[in-house]
Amino acid sequence: MKIQKTYDSPGMAERRRRILHETRKLINEEGLEGFSIRELSRRANVAPKTLYNAYGDRDRLIGVAIREVYDAVRQNVKFKTSDRTLPGLLDRAMMLNRGNLKARNYAKAVATIYFAPGTGADLRQILQEMAVGNTREWLEDLRDVGQLQNWVDVEHLTRNMANMEYGLIMDWATSRVEDAEYLFRFAEIVLLSAMAATRGEVYETARAMMTRMAETGKVPAFENPVIRNLAYSGFSRGS
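Numbering (the numbering used here), first residue to last: 1066 to 1304.
A couple of the hints might just be wrong.
[What the hints assert, rightly or not] DSBU-like, lysine-lysine: derived pairs with alpha carbons at most 30 angstroms apart: (1) K1283 x K1167; (2) K1167 x K1090; (3) K1283 x K1145; (4) K1283 x K1173; (5) K1143 x K1090; (6) K1143 x K1173; (7) K1167 x K1114; (8) K1090 x K1114; (9) K1114 x K1143.
Simulated from the structure, these hints should not be mistaken for lab results.
Using the sequences and the hints given, assemble the complete structure.
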């Protein structure tokens, strides 16, 4: 689902910011089942018709609101690693999921939306893309150089990785996984998936990283990224 800006003036930009801010607050408080366009219009002080004209339907509006936070982090954080490498994918996953540790209710609400039977295909696709980042492109790169197992279906693998990642978020958000374990288990999903799907140098890298984690109980450390004017992350100001 392509997301387009729906404003062209400072006043409209402020209204959009307010709408998306209140959308995230309502998601955090009520989840998908309790989300109401009528209640959102009251909180954001805009008519329901305005919301439908700007965003089309509820799922698209929720998708835009959730994706905005994710994109803000991606656009304003300059990593020292490449997003087309295994360390780079893991670096980004660790950075984004550290934000979840500060926003348990919001992370739980997003995971609930992901698994909810009533979630539309477009919204679920947005959430899958947020979970796997550039993993799909990375895997296709590996196929081109012969380091991907022949049996791997990239779409199937990335979808399963997203399922596991949101499942972990739900387990953590409902206290079935401790805070201290959360990032370790997330890195484990990425590395074990890489070990199963790859061969050659990439497989050896994944195995070495996983072995090191098992021996030390610590996730891989990466050089601190450069953060440029990040107004919000997780569920803080503007979220």
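Evaluation of the provided hints:
no.: 1; hint: K1283 x K1167; verdict: holds, 20 angstroms
no.: 2; hint: K1167 x K1090; verdict: holds, 15 angstroms
no.: 3; hint: K1283 x K1145; verdict: holds, 20 angstroms
no.: 4; hint: K1283 x K1173; verdict: holds, 24 angstroms
no.: 5; hint: K1143 x K1090; verdict: holds, 28 angstroms
no.: 6; hint: K1143 x K1173; verdict: holds, 27 angstroms
no.: 7; hint: K1167 x K1114; verdict: violated, 34 angstroms
no.: 8; hint: K1090 x K1114; verdict: holds, 20 angstroms
no.: 9; hint: K1114 x K1143; verdict: violated, 39 angstroms
When held up to the earlier numbered hints, the structure conflicts with 7, 9 and fits the remainder.
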